[in-house]
Amino acid sequence: MKYILMMTGTKADFAWYAKWSKTDLQAQLAFMHSFNKELKESGVLVATEGLAFPNQAKLVRAAADGTPITDGVFPESKEFLAGYWIVDVETPEQAYQLAARVSAGPGPKDRGNQPIEVRPVMSGPPPEML
Amino acid sequence: MKYILMMHCPRTGYDTFGAWPKKDIEAHMAFMLAFNKALRESGEWVSGEGLADPKQAKIVRAGKDGLPITDGVFPESKEFLAGYWIVDVASPDRADALAAKASAAPGPGGAPMNMRIEVRQVMSGPPEQNSCNES
Numbered sequence: 013m014k015y016i017l018m019m020t021g022t023k024a025d026f027a028w029y030a031k032w033s034k035t036d037l038q039a040q041l042a043f044m045h046s047f048n049k050e051l052k053e054s055g056v057l058v059a060t061e062g063l064a065f066p067n068q069a070k071l072v073r074a075a076a077d078g079t080p081i082t083d084g085v086f087p088e089s090k091e092f093l094a095g096y097w098i099v100d101v102e103t104p105e106q107a108y109q110l111a112a113r114v115s116a117g118p119g120p121k122d123r124g125n126q127p128i129e130v131r132p133v134m135s136g137p138p139p140e141m142l
Numbered sequence: 086m087k088y089i090l091m092m093h094c095p096r097t098g099y100d101t102f103g104a105w106p107k108k109d110i111e112a113h114m115a116f117m118l119a120f121n122k123a124l125r126e127s128g129e130w131v132s133g134e135g136l137a138d139p140k141q142a143k144i145v146r147a148g149k150d151g152l153p154i155t156d157g158v159f160p161e162s163k164e165f166l167a168g169y170w171i172v173d174v175a176s177p178d179r180a181d182a183l184a185a186k187a188s189a190a191p192g193p194g195g196a197p198m199n200m201r202i203e204v205r206q207v208m209s210g211p212p213e214q215n216s217c218n219e220s
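Chains A and G, in that order, are what the protein sequence lines are.
The numbering of the first sequence is this note's numbering, which starts it at 13 and goes up by one.
The numbering of the second sequence is this note's numbering, which starts it at 86 and goes up by one.
Don't read these hints as lab results, they were simulated from the structure.
Since we're looking at a predicted model, the values are computed, not measured.
Some hints could be false.
Said to hold, decoys possible - Result set (DSSO-like, lysine-lysine): computed pairs, CA atoms no more than 30 Å apart in a straight line:
#1 G:Lys186 <-> A:Lys70
#2 A:Lys23 <-> G:Lys108
#3 G:Lys186 <-> A:Lys52
#4 G:Lys87 <-> A:Lys31
#5 A:Lys34 <-> A:Lys49
#6 A:Lys14 <-> G:Lys186
#7 A:Lys14 <-> G:Lys163
#8 G:Lys186 <-> A:Lys90
#9 A:Lys121 <-> A:Lys34
#10 A:Lys70 <-> G:Lys149
#11 G:Lys163 <-> A:Lys90
#12 A:Lys31 <-> G:Lys149
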């Protein structure tokens, strides 16, 4: 079963992250590298990506003629995807365990354990929709 | 340059979609399959996934003992990722053009949905600390 583990944050969360000390950032990157390496070696890693900061995010929609209309305005409350992992595991509990590991990753002292959204990934549309 | 194109929806988005007439769902799916095929043929396809119904989403946090605490309660306003594409394109404009194509996917009655697609660059590695700053 494939699951996606998503890290998200508001623009304010990203601004706070950008102010982490170099030591804290390095500890977090080291954690991510070893976590990714472990997932690869155990054969559960399907994909992982980190996204650019939300100040680069745009909303695109098609105009009546199909050309893109772009907009960079988002509500304050918008949670931006920061990055994700897709893992192939036997049970949802295994996906939750891995999410808990990321949740407890290193950061500044005042940082609580961060919430990670976990959801199954479909390989196609559910049969009842077709 | 790698870009991610994201489709978002509210928590009940899949119920709305599932209630479309069958032929509209089929037309939408046929569009998506053809869009994916064209991306593969142009060599721009990196990856793409559709996510399960937001009602299956859980928030997981580590407890003090490091064990997962799961919760399924989200704010009403929360946007859920419905699916995404990662494309490798020659320019940001090309990413926008592809997003506009996806945006115009057929909806009820076959009319273009013109849905909003969030477009953002994908990093191949961690950013330098200085480039993290919000400008």
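Checked hints:
no., hint, result
1, G:Lys186 <-> A:Lys70, "15 Å, holds"
2, A:Lys23 <-> G:Lys108, "40 Å, violated"
3, G:Lys186 <-> A:Lys52, "34 Å, violated"
4, G:Lys87 <-> A:Lys31, "26 Å, holds"
5, A:Lys34 <-> A:Lys49, "22 Å, holds"
6, A:Lys14 <-> G:Lys186, "28 Å, holds"
7, A:Lys14 <-> G:Lys163, "23 Å, holds"
8, G:Lys186 <-> A:Lys90, "24 Å, holds"
9, A:Lys121 <-> A:Lys34, "14 Å, holds"
10, A:Lys70 <-> G:Lys149, "37 Å, violated"
11, G:Lys163 <-> A:Lys90, "8 Å, holds"
12, A:Lys31 <-> G:Lys149, "25 Å, holds"
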